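Q: Protein chains in written order, with our numbering: chain A, 1 to 290; chain B, 1001 to 1332.
The hints are simulated quantities; they were obtained by calculation from the structure and are not laboratory data. Here the structure is a predicted model, which means the values were calculated and not measured. Some hints could be false.
Chain B side only, calculated, beta carbon under 7 Å to chain A, not exhaustive [stated by the list, open to error]: (1) Arg1211; (2) Leu1215; (3) Glu1221; (4) Thr1222; (5) Gly1272.
Distance windows between CB atoms, simulated [stated by the list, open to error]: (6) Gly36(A) <-> Phe1318(B): 45 to 53 Å; (7) Arg1229(B) <-> Tyr34(A): 22 to 30 Å; (8) Gly62(A) <-> Ala1008(B): 54 to 62 Å; (9) Ala1012(B) <-> Tyr34(A): 32 to 40 Å; (10) Ser192(A) <-> Arg1229(B): 28 to 36 Å; (11) Glu110(A) <-> Arg1229(B): 37 to 45 Å.
Beta carbons are placed, not taken as given, at the ideal position from N, Cα and C, and that holds for glycine.
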Amino acid sequence: MSGGISNAGISSGGISSTGTEASIWRAEDLSFRYPGARRDAVSAAALTVGPGEIVALVGPNGAGKSTLLKLLVGALEPDRGRADFRGRRAAGWAKPELARRVGVLPQQEEPAFPLTVRELVAMGRYPHLGPWRRERPSDREAIARALSRCRVADLAHRPFATLSGGERQRVRLARALAQEPEALALDEPTASLDVAHEMELWEILKGEAAVGRAVLLTTHNLNLAARYADRLALLSVGRVAASGSPAAVFTEATIAGAYQWPVRIVPLVGPGPDAGAPQIVPVRDGRTRP
Amino acid sequence: MSRGAILAALAALVVAALAVSLRFGAVGLGWEGLWQGLKGTGDPSAIAIARELRLPRAVLAAMVGGTLGLAGATFQALLRNPLAEPYVLGVSGGAAVGAVVAIGAGWAAWAAWTLPLSALGGALVAIVGVLRIARGVGRGLDVRILLLAGVVAGTFFNAVILLLLSFQEAQAFRAAVFWMMGSVSGATWPAVVLLGGVLLPSCLVLLGLARAFNLLAAGEETAGFLGVRIDRVRLIAYVTASILTAGAVVVAGGIGFVGLFAPHTARLLWGGEHRLLLPAALLLGAAFLPLADTLARIAVAPAELPLGVVTAFVGVPFFIGVLRRQAGEARS
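Pulled out of the complex, with its shape left as it was, chain A reads as follows:
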């Protein structure tokens, strides 16, 4: 939780630190079932995310990671329990007000019409500008800062559709950063990226957490989550099967149980600041498991 919440690091002014350890997100006994489904997509889940903290939701396909994320950003209404952002029901926030505080990256989006990178990133200012107000110098600065943080400034005038997958994700993240939010919620931001692009994205997120932003994301990359996230929540069939530090969540029994595949846990060789972090190695045992 000691994410280094220094106001010097957040000159952009997007974050209002209360000075306490107040949580950004808090879920309690949270349950949700899609209409017509036979079981809860999320069942009695509990979770907190504090400022400056990276929390990764992990778990098998269909475990409820994306649903939990959507509940926490107010896109879905819980059937039972609470999903709070800053102490208020996430679904109860007025949309523009929430958009000034949380940058959300949905799993995918397909622009219907051609847009340049600059235009797409500038959309992050919409919650601050509304329909009529012109971009002020502070808006242009926020856009420029977001473009350079995500290292896409040189792509500003390229059509979004012509970018590679890695570039697109960085541009979409830049739009979320242009919102100058106090929290980021990202649904599988590193899916189908190559090693370098994936590492770059994690590094950007680590940098954002270091200036006090809360980062909540879903991912299938357990090993990178263990190296970058402060805490993990392992979901299995809608329930939080384990949560806590990577070392606490990564036990062979827990992981093997959730994924139904045998694993070994080994320390990260290094070099780097995260040498020794627990890493999962799936075992080839010659059998095909159900």
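Chain A is already provided as a structure; the job is to place chain B on it using the hints.
A: Below, chain B without anything else, positioned relative to chain A:
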């Protein structure tokens, strides 16, 4: 070019199109004669032609073109579909049913003003009906269901029109078909005022939605997370663009292609940013239709070609040219 420069150039193009439309016609006035006629100092017949015939007609053509361009751009943004045009949701079909009823029942022969009134009634029935179907079926306002409801309503109106037409005598049949092909030949100042009264507030409303349209174009889910009240934006956009379309159809019948051609050309030339795209589509439509109407008047003078035919004959080759140019730039 900056947004202001592009729009200024397009406004100049509209003025030039109006001048050409005023200058050329079945009767040759010449620039001098036209100027005298507009000032009211020339010979009486030139004054009548310039002031009573050509000026309202050129202005109405520009306004109808602009209205359809703006409505087309809005429907494309609303439905997130570049194939959308002002008539896609059945508004023109409803208006045409109203018009055919007015012609077939003999109201239009009795008093000319019953025709636009009846067409307006049909258009409003279509707008409300499609909205009710879409809202009744979907949760909120689902644009896929809206599109489906509009297309189904349009098909139904077409069937009604064909049914009504099959009972018409030759003269009423001709009048109905000519109305449906669209024309600004009956232009009057009241029609100009009527359409202007719809167009001006609609412009303001839609420009206020331009940023939201940009966000919707990027992705609906994303737009919601960026603070767009999606259902409200959709409802306002649908109602405004539908009323615009109804206004254009009521004063000029169903003039095709402008509402598809103008927004697409603007987007191909200057990109998809709606704060530029919406006014650019309006101005392109406003420049295009007076020119097409001039051609309709002089090609086989003193007879006239149906305007909807000219818009397609002129617009399609031009549009293909723009597309090819764009493809060429993309390759190089």
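Q: Each hint: holds or not?
A: Results for each hint:
Of the supplied interface hints, the one on Arg1211(B) holds, with its beta-carbon coming within about 5 Å of a beta-carbon of chain A, less than 7 Å. A distance limit of 7 Å between C-beta atoms decides the matter here; for Leu1215(B) the minimum to chain A is near 5 Å, and the interface restraint holds. Because the smallest distance between the Cβ of Glu1221(B) and any Cβ of chain A comes to about 5 Å, under 7 Å, the interface hint for this residue holds. Because the closest C-beta pair between Thr1222(B) and chain A is about 5 Å apart, less than 7 Å, the hint holds.
Among the interface hints, the one on Gly1272(B) holds; its C-beta lies about 4 Å from the nearest C-beta in chain A, closer than the 7 Å criterion. The given range of 45 to 53 Å is respected by Gly36(A) and Phe1318(B), whose C-beta atoms sit roughly 50 Å from each other. For the pair Arg1229(B) and Tyr34(A), the beta carbons lie near 24 Å from each other, so the given range of 22 to 30 Å is met. Roughly 56 Å separates the CB atoms of Gly62(A) and Ala1008(B), a value that falls within the hinted 54 to 62 Å.
Between Ala1012(B) and Tyr34(A) the C-beta distance comes to about 56 Å, which lies outside the given range of 32 to 40 Å. The beta-carbon spacing between Ser192(A) and Arg1229(B), approximately 32 Å, falls within the hinted interval of 28 to 36 Å. For the pair Glu110(A) and Arg1229(B), the beta carbons lie near 22 Å from each other, so the given range of 37 to 45 Å is not met.
In the structure shown, a violation is registered for the earlier hints numbered 9, 11, in ascending order.
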